[in-house]
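Read off the chains here:
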Amino acid sequence: MLALALPLVLNQYLQYVVNLMLVYILVSVGFNIVVGNLGQLAFSNVAFFGIGAYASGILTTQLGMPWWLTVVPAGFCGALAGCAASIPALRGVRLFYLAIMTLAFGELMRWLYIRTPGLTGGSMGLTVPEPAVFGWMLTNEYQKFYVFLFIVVVVVIATSRLLESRIGRAFLAIKNDENAAAAMGIPTGQYFLLAFALSGFVVGIGGSMYAALVGHLSPEDFDLIQVILHFAIIMVGGLGSLIGSILGSILITATPEVIRHFEWLVGSEEWIFGVAIIVVILFLPRGLSSLLAKVNPIFKDRYYRD
Amino acid sequence: MIEQIQSVLTNWDAMLPVLPQLVVSGIAIGMLYALIALSMTILYRATTVVNFGHGDLVMLGAYALFILMPMVTFNIAVESSALGLLASFVPPFLVALILSLLVLFAMGYIIHRVFIWPILKGPHLSLALMAIAIGYAVRGVIRKEYGKEVLQMPRPFPEQEFELFNWGGFGTYMTLDEMIFCGVVIVMLLISYIVFSKTRFGRIVQAMFQTQRGSSLVGINVMHYNNLIWGVGCSLGALGGVMLGLALALDPDVGVWTLLRGFAAMTLGGFGSLYGAVIGGLIIGILEKVLGVFISTAFIEITCYLVIILVLLIRPKGLFGQHATLRI
Amino acid sequence: MALLTVTNATVQFGGLIAVNQVSFRAEPGKVRALIGPNGAGKTTLFKAIAGEEQLASGTIHFQDQAIHTLTPHEISARGIRRTFQTGGLFGELTALENVLAGLHTKIPSSFGGLLANTRSAKAVEKAATKKALKLLDLMGIAHVAEQWARDLSGGQKRMVEIVRALATDPPLLLLDEPAVGLAPPVRLELMNIIRRLVDEENIGVILIEHAIEFVMTVSDTIMVLNNGEVIAEGAPDEIRQNKNVLEAYLGR
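Residue numbers (this note's numbering), protein chains in the order written: chain Y, 1 to 306; chain P, 1 to 328; chain X, 1 to 252.
Each hint should be verified, as a subset may be incorrect.
[Stated by the list, open to error] Which bits of chain Y does chain X cover? Going by a derived footprint, with three or more residues having C-beta under 8 angstroms, they are: (1) 50 to 56; (2) 74 to 88; (3) 93 to 103.
[Said to hold, decoys possible] Part of the chain Y face toward chain X, derived, beta carbon under 8 angstroms: (4) L172; (5) G185; (6) P256.
Hints listed in this document are in silico derivations from the structure and should not be mistaken for laboratory results.
Don't be surprised by glycine CBs; every beta carbon is placed ideally from N, CA and C.
Go ahead and model the full structure; you've got the sequences and the hints to work with.
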């Protein structure tokens with residue numbers, strides 16, 4: 001609830017950063033469904049992000065749809081991409097084979113952004129008109145904030161309901177022992193598809209928010225630095241933890257802003273995130289949320305363990 | 001694309017003479033893919049870790065040479081006259097190369113000892129993410145220090161072309177670079193074969209490939225040998241990286257480019273198969289060139305993606321691999 | 001009606017024949033034990049019944065329906081549940097959640113219902129939780145319901161596995177070495193539980209075990225496997241005196 005008061009204290013620029021954090025909360029919540037809950041390594045997240053963003057962009061520029069109407073379709077495009085990325089799972093492809101496949105899928109997507117200038121503006125990029133909600137134009141960061149906050153809250157609550165249910169349980173069961181999960185009657189291949197589709201939906205919505213936030217999309221926005229960004233958020237926050245996604249998003253999104261102030265560090269995001277992940281794996285495998293859970297039980301969620 | 005395929009089929013006679021050139025060039029680059037896939041397979045067989053950061057270590061090999069070159073030339077020039085005379089027989093490039101391979105060997109050793117070994121018993125996900133993170137850390141540092149502009153590798157030998165044979169008015173050429181690459185890789189394959197089958201080290205490694213636990217039970221110091229194997233794998237990769245650097249240019253993003261082609265080769269050949277990695281690499285090299293000319297230049301980039309996706313959908317174990325899918 | 005009918009089942013791995021023309025019937029309300037030296041093909045046979053391995057030839061019918069062509073989750077949804085030799089428990093889930101996972105197919109909450117947190121979705125989950133707790137209580141481990149499964153003791157883990165397998169009242173239960181690593185009093189308890197299930201609930205049980213006294217006490221029929229083939233089959237007393245069985249175990 002305190003969050004609602006933020007626009008009163010922040011200037012436009014900082015508000016922009018907070019909005020970016022909201023975008024990445026969705027990105028990481030979605031990513032965690034596949035990596036944290038289902039327990040699979042996948043590189044497709046940036047592909048879902050980009051597809052959602054470009055879907056919003058294309059629908060607003062080419063079909064003239066107002067932005068708010070493109071949010072859910074962007075999610076569906078992400079979900080569709082999720083299905084496509086996980087079709088091999090229906091045939092029994094697992095582990096690093098699946099990871100490599102998603103890597104190939106992600107790179108293929110990036111190649112497509114550049115090679116279909118008719119749709120995506122190619123390397124020149126796509127300029128997205130100012131986002132409109134029910135006829136109102138969102139002209140400043142504060143307005144965007146309230147809209148984004150609403151979307152994030154709705155999506156996160158819906159996601160947490162699914163993850164707490166038998167569906168989330170099935171994901172975790174598959175993560176722990178897929179054979180045993182199948183022996184419980186869980187159709188594991190279909191659940192792979194479901195996890196990827198859900199992930200794609202959530203991340204796709206994040207993508208459409210990103211389009212509204214930055215106003216101009218180009219293929220470089222969805223390159224390999226994005227990939228490590230996504231991994232850094234969920235690792236630092238805590239795999240599979242919703243609270244971790246929020247913490248991780250805040251911390252990792254703030255990092256480039258902090259770096260900006262140190263001349264010698266400019267351009268270092270890549271290796272800093274790499275080192276952060278290494279440190280987390282060696283010393284704090286369950287991420288920040290596990291650390292905070294020791295301090296205050298509020299931060300406990302299913303992955304907390306001492 | 002359909003029109004392109006149709007035009008190829010109708011122009012078959014006209015385009016056929018180009019085929020040998022494409023195959024030859026394809027084999028040349030395929031040799032590099034093969035070497036890199038081989039180095040990745042060695043790491044995978046030994047420690048069952050798929051090193052997602054390997055591409056970046058390969059890239060590091062090229063940059064290591066680039067960085068060491070000026071230091072080596074400087075030093076050799078300053079040596080006393082007697083040593084300097086001797087040194088002038090040994091090209092600085094070779095010295096820098098050997099130093100780079102040693103540096104990458106050390107890196108591979110340290111990476112395994114410090115970052116991989118402690119978490120080997122944990123979830124596979126952490127291992128994969130550790131490898132990825134190491135790759136990114138390496139790439140990030142390189143990009144920050146040297147990535148601002150496209151750099152050129154120092155060339156130890158001139159650019160030259162040789163005509164192999166002529167067919168229908170089209171000559172099939174091979175550059176000196178390509179011949180040296182093929183030569184180097186063939187020599188490395190022979191050395192690897194001899195080391196694996198004839199030396200004590202090779203036999204121990206083979207035992208470890210079969211079963212780590214069994215090996216430790218008979219007294220093999222698994223950690224020590226894994227460290228060495230990682231050193232060797234990264235060195236081999238670095239050699240491939242240097243050659244790739246000569247063939248292309250120095251670019252921090254070569255890492256993922258390499259990784260994907262390495263994976264494509266391993267997937268096609270069958271994960272874990274040493275022969276498969278080599279043959280897979282050659283086939284992909286040839287496919288890239290042939291499809292790139294006969295169908296569309298797009299294939300130069302996307303062949304490896306398509307190979308991965310299609311092989312995993314149709315025959316996941318590749319040519320020589322073993323079970324890769326779950327019965328679900 | 002026989003619960004499970006296995007006819008000339010053969011499982012092959014490349015050139016190695018792991019299960020060779022095995023045939024038998026499992027009846028409801030009876031315990032059939034599968035014994036034999038290591039590597040005899042017992043777990044492979046289980047895997048074939050459960051759908052994890054494909055038959056090279058032969059058929060398996062469950063309640064008169066062919067199941068050897070089905071996938072594992074389809075087979076378990078039909079009513080065959082199993083425990084595993086090693087692992088099989090979902091370590092990161094609590095004991096209660098493990099059992100709830102076992103109840104997965106019997107929790108009819110719809111996707112939309114879960115999203116909207118409807119009353120029916122909540123009610124269905126609550127009913128399942130109640131049933132799971134009751135089952136855990138029956139086995140005497142309700143007090144560990146909220147603990148992570150991987151932190152439980154060996155005996156407790158085994159109990160959770162059995163509760164999880166029983167949660168949906170399956171007509172056929174496959175137990176793979178359930179007594180391994182259990183202390184004698186716990187084994188005794190396990191034996192009683194199995195007999196009770198079989199006598200009172202009329203469940204059919206197929207059991208792989210190495211502990212001979214366990215097998216002799218609890219089974220109605222014993223089948224001895226060696227090198228993938230059935231070398232003896234009969235009541236415990238007959239098997240005890242069978243020369244072939246002694247040879248297979250002691251080697252001659």
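inquiry  = Which constraints among the numbered hints does this structure fail? Numbers only, ascending.
reply    = Result: hints 1, 2, 3, 6 break, sorted rising.
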